[in-house]
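Novice: Single-letter residue listing:
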Amino acid sequence: GAGVSQSPSNKVTEKGKDVELRCDPISGHTALYWYRQSLGQGLEFLIYFQGNSAPDKSGLPSDRFSAERTGGSVSTLTIQRTQQEDSAVYLCASSLGVGANVLTFGAGSRLTVL
Amino acid sequence: AQKITQTQPGMFVQEKEAVTLDCTYDTSDPSYGLFWYKQPSSGEMIFLIYQGSYDQQNATEGRYSLNFQKARKSANLVISASQLGDSAMYFCAMRELIRAGANSKLTFGKGITLSVRP
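Top to bottom, those sequences are chains X and F. Under this note's numbering, think of the first position of the first sequence as 14, with each following residue one higher. Under this note's numbering, think of the first position of the second sequence as 229, with each following residue one higher.
Calculated directly from the structure, the hints in this document are not laboratory data. It cannot be assumed that every hint is accurate.
[To be verified] As a list, the in silico DSBU-like pairs of lysine-lysine whose alpha-carbon atoms are at most 35 Å apart:
#, chain 1, residue 1, chain 2, residue 2
1, X, Lys-24, F, Lys-298
2, F, Lys-231, F, Lys-301
3, F, Lys-338, F, Lys-301
4, F, Lys-244, F, Lys-231
5, F, Lys-231, F, Lys-338
6, F, Lys-298, X, Lys-70
7, F, Lys-231, F, Lys-298
8, F, Lys-298, F, Lys-338
9, F, Lys-298, F, Lys-244
10, X, Lys-30, F, Lys-338
11, X, Lys-28, F, Lys-231
12, F, Lys-244, X, Lys-24
13, X, Lys-70, F, Lys-244
14, X, Lys-70, X, Lys-30
15, X, Lys-24, F, Lys-231
16, F, Lys-338, F, Lys-244
17, X, Lys-28, F, Lys-244
18, F, Lys-244, F, Lys-301
19, X, Lys-24, X, Lys-70
20, X, Lys-28, X, Lys-70
21, X, Lys-30, F, Lys-298
Make a model of the complete structure from these sequences and hints.
Specialist: Below is the structure:
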């Protein structure tokens with residue numbers, strides 16, 4: 014597609030429920046990133062996929078968080094047993110897998126855990 | 229490990245004047261890239277400018293320029309002729325460049341809020 018597409022744009026859920034956030038990167042981009050941004054804060058790295066390499070999961074805050082990328086394209090970030098502190102905007106970005114390339118961000122998925 | 233520091237409080241600038249947003253970084257990698265992004269109140273992240281650690285000249289993109297001082301590990305963003313639409317949050321970010329050419333994660337600073345006064 015022309016840009017990075019994320020869905021849903023807004024998600025309200027109850028504490029303890031599982032949620033799935035989807036990211037469709039720019040066609041041809043081999044690198045895909047998930048970040049989290051709490052209100053008024055900077056971007057916190059969560060996970061990074063690059064081609065067929067093992068993902069860099071070093072930013073995932075707990076084992077309730079997981080992500081997968083199927084077929085080198087679409088990615089799903091799953092948060093199990095959501096907590097109120099998980100409330101944030103989850104941003105996905107993609108880039109070409111060569112050299113120092115710019116990350117193009119999606120519009121984000123705003124998650125609110127009640 | 230890489231670290232980005234943006235410590236300025238909210239910045240204010242008069243329309244049409246220039247403003248400098250500070251960014252310092254720390255890395256042990258000799259090869260790295262520095263990025264600035266703008267995030268207006270609508271929330272989207274907009275790429276502004278990029279500087280490679282081995283670039284001989286400071287990067288410029290229209291009204292944006294990067295004052296890169298490698299020895300001091302600083303990469304300040306200069307916005308000339310400020311416009312009302314420049315009011316936003318600005319993030320400095322860094323990526324260490326792996327020799328094989330693969331990307332690595334982009335580490336962001338906490339951001340600086342810029343308000344342009346008419």
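Novice: Compare the structure with each hint and give your call.
Specialist: Each hint, compared with the structure:
At most 35 Å may separate the alpha-carbon atoms for a hinted pair to count; Lys-24 (chain X) and Lys-298 (chain F) exceed this at roughly 43 Å. Simply put, Lys-231 (chain F) and Lys-301 (chain F) have alpha-carbon atoms about 11 Å apart, close enough for the 35 Å limit, and the pair holds. Distance check on the hinted pair: Lys-338 (chain F) and Lys-301 (chain F) sit about 17 Å apart at the alpha-carbon level, within 35 Å; holds. A distance of roughly 32 Å separates the Cα atoms of Lys-244 (chain F) and Lys-231 (chain F); the hinted pair therefore holds under the 35 Å criterion.
In summary, the hint linking Lys-231 (chain F) to Lys-338 (chain F) is supported, as the alpha carbons are separated by about 11 Å, within the 35 Å threshold. About 30 Å separates the Cα atoms of Lys-298 (chain F) and Lys-70 (chain X), which keeps this hinted pair within 35 Å; it holds. Taking the CA atoms of Lys-231 (chain F) and Lys-298 (chain F), the gap is about 15 Å. The hint holds against a cut of 35 Å. For the hint pairing Lys-298 (chain F) with Lys-338 (chain F), the CA-to-CA distance comes to about 21 Å; that is within 35 Å, so the pair holds.
Between Lys-298 (chain F) and Lys-244 (chain F) the alpha-carbon distance is near 29 Å, which keeps this suggested pair within the 35 Å criterion. Proximity of Lys-30 (chain X) to Lys-338 (chain F) is assessed by CA-CA distance (about 30 Å); at most 35 Å being required, the pair is judged to hold. Restraint check: the Cα-Cα separation between Lys-28 (chain X) and Lys-231 (chain F) comes to about 33 Å, which is no more than 35 Å; the hinted pair holds. Restraint check for Lys-244 (chain F) and Lys-24 (chain X): not satisfied, since their Cα atoms lie roughly 40 Å apart, outside the 35 Å limit.
Under the criterion of a C-alpha separation no larger than 35 Å, the hint pairing Lys-70 (chain X) with Lys-244 (chain F) is inconsistent with the structure, at around 44 Å. About 22 Å separates the Cα atoms of Lys-70 (chain X) and Lys-30 (chain X), which keeps this hinted pair within 35 Å; it holds. The suggested pairing of Lys-24 (chain X) with Lys-231 (chain F) holds, with an alpha-carbon distance near 32 Å, which does not exceed 35 Å. Between Lys-338 (chain F) and Lys-244 (chain F), the direct Cα distance comes to roughly 26 Å. Compliance with the 35 Å bound is thereby established for this hinted pair.
Between Lys-28 (chain X) and Lys-244 (chain F) the CA atoms are separated by roughly 48 Å; this puts the pair beyond 35 Å, and the hint is violated. Distance restraint check for Lys-244 (chain F) and Lys-301 (chain F): the Cα-Cα separation of roughly 29 Å lies within the 35 Å cut-off, and the hinted pair is therefore satisfied. With a CA separation close to 24 Å, the supplied pair Lys-24 (chain X) and Lys-70 (chain X) stays within the 35 Å bound. Taking the CA atoms of Lys-28 (chain X) and Lys-70 (chain X), the gap is about 24 Å. The hint holds against a cut of 35 Å.
At roughly 48 Å between alpha-carbon atoms, Lys-30 (chain X) and Lys-298 (chain F) are farther apart than 35 Å, so this suggested pair is violated.
The structure fails hints 1, 12, 13, 17 and 21 (numbered hints given earlier, in ascending order).
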